[in-house]
Structures are given as C-alpha cells and as structure tokens.
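Participant: Below are the chains, spelled out letter by letter.
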Amino acid sequence: MRKHLTLLSDYFTQYLKVRLSYKGDLVIAVLTSFLATVLALAFVLVLFSKIPTLQGWSFEEVLFLYGFSLLPLGLFNVVSLNLYDFGNLYIMEGKFDRILLRPVNSLFQVIFEEFRLESLQEVATGIAIVAYCSVKLNLSWRVQDLVLASSVVLCGSLIYLAVFLSLTSVSFWLEDRVGLVPPVFNLLTFGRYPISIYNGFVQFLLSWIIPFAFASFYPSARFLRRRDFDLYFYLIPVVAGLFFTLSTLVWRQGVRNYQSTGS
Amino acid sequence: MAMMVQVQDLAKEFRTFRRREGVWGAFQNLFVREYQTVKAVDGISFDIAPGEMVGYIGPNGAGKSTTVKMLTGILVPTRGVVYANGFVPYRDRLRYTKTIGVVFGQRTQLWWDIAVIESLKLLRKIYDVSWRDFQERLEHFDQLLRLKDYLNTPVRKLSLGERMRCDLVAALLHRPKLLFLDEPTIGLDIVAKKNIREFLKEINRRDQTTVLLTTHDLSDIEELCQRIMVIDHGRLLYDGRLQAFKEQLGRWKQVKFFLKDRGDFAELESLFAGDTLQCERLDDLTARILFLRDQVSSAEVIKKVLSRLEVRDIAIEEESIEEIVKNIYQKRNPKL
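So the protein sequences, as listed, match chains E and C. Numbering-wise, the first sequence is residues 2 to 264 according to the working numbering. Numbering-wise, the second sequence is residues 2 to 337 according to the working numbering.
Note that these hints are calculated values from the structure, not bench results. A few of these clues could be false.
A partial selection of chain E residues facing chain C, derived with a Cβ cut-off under 8 Å [said to hold, decoys possible]: (1) Q15; (2) V19; (3) G88; (4) L90; (5) R99; (6) R143.
Straight-line alpha carbon distances no greater than 27 Å define the calculated DSS-like cross-link-like pairs of lysine-lysine that follow [said to hold, decoys possible]: (7) E:K137 <-> C:K126; (8) E:K96 <-> C:K305; (9) E:K18 <-> C:K158; (10) E:K4 <-> C:K158; (11) E:K18 <-> C:K99; (12) C:K194 <-> C:K261; (13) C:K122 <-> E:K96; (14) C:K305 <-> C:K327; (15) E:K24 <-> C:K158; (16) C:K158 <-> C:K178; (17) E:K18 <-> C:K149; (18) C:K40 <-> C:K305; (19) C:K178 <-> C:K122; (20) C:K178 <-> E:K96; (21) E:K96 <-> C:K327; (22) C:K158 <-> E:K96; (23) E:K18 <-> C:K122; (24) C:K194 <-> E:K24; (25) C:K99 <-> C:K126; (26) E:K4 <-> E:K18.
Covered stretches of chain C, as calculated for chain E (at least 3 residues, CB under 8 Å) [said to hold, decoys possible]: (27) 108-118; (28) 125-135; (29) 207-221.
Positions of the beta carbon are idealized from the N, C-alpha and C atoms, including for glycine.
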C-alpha cells in the first residue's frame, strides 16, 4: 500500500516527463484548457439564464448543483482516460500483458499510466460557479464544511470510477463493449438536477443502480441547506465504498478471464 | 535440488465464437453465438533446473506463447499445475513477478517517448532496487552492452538492436532468477545478435539465471542452449539434449563432390544406380549425394566415388537442426 502511494507520484512524474518532451503540444493544451474554462462559464450563464426556477429550486440553486457536479467529474476525468480506451489499447493491442508482468496492482497501473490534467479546468470551472452561487445565496463555508465537501467530492469521483470501471471490465469478456459507455455517460448529466423532478423509476436508478445522484445531487443538496436529503448525504461514503469494492471484484474476475492476444 | 520450474499436465483451452460472414451472418451473430473450444496447450509436463538455459521451439500457433504466458502469470491455466521459483504464477502474481524478467522481442516495455534512463529509473522503483545496486548493475551492463551512448535517447529514436539491449537491461535490473525471452534476436543484424548472445551467456554464468528462450532462429538455440523442447499442436514432441536431438532425429547426410569435368556427373550417377541414395546435380561441376545415415556411411560413399573418379574437393554436411525441425513439424519423421 505504501509502495503504491510513492509509486503514484513516480507514475505522475513519468507522465509529466512525457508531456514535457513535447513542448508545443503542452503549451497548446494549457491554452485550450484555459479557453475551455472561460467558454464553459459563459455557456453555463447563458444556458441557465433561460431557466428561472425548477420545481421550487431557484436559478442560483440549480446553477450550484451544476457547478458542484463538475468537481467529482473533473477529478474523475483526470484519471479516467485509459478506462475508455482500455479495450482497444490494452486488450486488443496486448498492452495488458506487460501490466501483468510487473509487481504492481494491475488496476493501479492502468489508471495511473495516463492522466488528463486538462480536466482540472472542469474542477476550476466548478469551483468558480460554486463560489459565485454561494455569494448570491448567502451560503457561508466554514473550514469543516470545506473538509466535508472535499471528502464527498472524492467519494463522488470514486462512484464514477466504480461505474465506469465495471463497464470497462466487460472488455475482458466481450470485444465490442464500446456501445455501453455513451448511454451511461449521458445518464451522468441526470445526476446534476434536483432528483425530485424525476419519476420514481429514474430516482431509484440514479440512487441504487447507477448511483450518480450520490456523486453530485445528494452532496450539493446538503450544502444548499436542503435538509430533506440528509439521510442520503450520510450514506455517500457507504455507497461509494460498496460500489467501488464491487467494481474491483468485477475487475479481478475479468483479469482472471483475460485471454491475451495471439502472440 | 529444487526445480526452478515445474509443469505438470498443463493445459489451456480458449473458447472463441465463430463469426458468420456477410450482413445476415453479422445479424445472426448478435443473437446466436456458436462457440468453439481451441486447445492451445494440451497437457504438457516438464521441469527446468536452476541455471539451465532451455530452448523452446514450435511453429506459429503451436502453443509456445500460451505456455510462456501461463508460466509468467499472464494466463490462468485451464488445468494442470505450474510452479515457478516456488510460486503459482497467476495466484502469487505480485510476489512472483518480482523474481522474473520477461522480454518480448516484438514489444518494448519501456516508455516510448522519454529517455531510456527515465524508464530504468521508474523500473528501479517498481522492483524495489536500491540506488547503489541500480548504479552497480547499470555499470556492469554498460561494460557488456555499451549502453551509455544512448541512455539519454528517447526509446522511439533507438535502432532495433539498441532497443533490444535496453529491454534486456530493463528485464534484468532486479536480477531475476528466471528469465523468459521471446524472440530476443528477431530482426537484428549478425553483430547485434552475437553481442546479445554473449551477454545472455555471461548473465547465465555469473548469476546462474535460468533462461527459457522461445525463438524461430535456431542458431540462437545452438549458441545458447543445451536442452531443447519442441511443441506442436499443444503437445511436447521432444524434450531433451540438443546433441541427442540432432543424433536421433537427423536422418540425412550429404556429401558434395566438386567435379573436374562436366562429363563426370554421368559416371557418378551410374555408380549409384539402383542404390537407395539420391544423386543430384547442383550445377555443371557440383554433385550432391544424399543418403540415410543409418544405411550408408559417408566413408563408404566417398571411397566408392574416389575409386573411379578424380575430384577437386569434397564436403560433408549433416542435416541442420532447421531441417530436422521442419521435418518434425511436417510429421515426416518416422521416429515421432
């Protein structure tokens, strides 16, 4: 465990070295991320100015939900790159052989062999939106609130990781798993809106089957002082832990089933 | 003495589904899948002692790679037992992989875009090699392979030979007891091949590293291994000493005669008319006589020819291991 923690920084440094070896590419990436952040903010303001209230949720509250949802998503996106391409890159091209030959946890290697630092701009955008709405809504943030928020954001990232890891693991059994990811990814945006606007089935789905509501809506509701969702708030770490554990079990079963390529 | 590798009745079956052709076939594939079971490795057993260098050969699709993948812990066997260096490879993966080195000639395990030394430094941490050991070993490898010239070059800019040397170093950095090499000299020129073979001999001599070598280049095996294993259709066809392999299975011998006169060939041919051996004309002044070694001796053949003809020169050749192996694959060899 401790070895893996130090290795994380080593893998990250290695990634940076690779990125830095292509200087032009890096400069462009930094510039486009900055531009993307500005554009994303402008887009959100335009979009949300059309929606004054949503079933008793004010414009600023809905905007807050959106901003807060970007935090766990952005963090997840920083490490998720290899999950999307896993089937092609690791299974078809046989890169997974090399993963299994090293004395390091296989999931750890796959996740941390590649980062997408550009996605930190989503986190920045999210923080900006949350800060703006907090001022508008007169929400005060004490230190313990910030600590609490950071922990539920991490739990949220873990929930995204769990869901997409389970989908990724399907590649161990099926070659063509790509079809599964887009619909689930679309479902992700559902978790950004007040869950009470959906019918019972969608509410159940977003809470207990693909628990995206636990990654964005339930945590934000608490910071918006909407007390009727408190019970769900306390369940966040339980749900995150449970789903993540389940997804690693699916992964492990997949690794055992790995067939490797021809030669 | 405890064995380094123990394999007993090892088998791996793959279940693949048969794809139908055409649009209608693709549509059918969605609903009804027909599965086929392919036996890649079909019950093989062998032991490898510490310090041995074993050549493992077989045609494409014979089960070589699948065996190596089970021995290295990549694949879980369908049945049978594997112990390597005291571990069950797929089960004790994290502890086991620390004690082995693997080189796939066709794929590098180094980071493509950055300097070789950066990859080695990360591998040092992955394998928990102390800084002092790391430097000492690098120095030693440099003496044998002259690495220093390109340690700071990105891997993508290395020649195949340089990259192969770096991959070997990467696989040996943690001084593994067991080394798996898959086509380590593929695509290399003669000098690079020689250099790498010398290096492997030295590593084997110095550290008693056990080596399992799969290759298509049989000269690798002749240079490095005393023992050879031949696999085809998932079964071991031969496992024994290389020398015995040649003696038992090499059936043919040939004697070449370099003639003095064009007309001599007809005379030569008439000498052996009615015998079981073959007489071939290679060009105007060269003739070749092929015979089964257990029926005639080369001395008899030569004596018979010299009694009637004067020749410029004589060359005796044995069947090369390439040819023996080819015969085995084609099932032409009656001894198997």
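Participant: Hint by hint, where does the structure go against what was stated? Just the numbers, ascending.
Facilitator: 3, 4, 6, 7, 8, 10, 12, 14, 16, 18, 21, 24, 29
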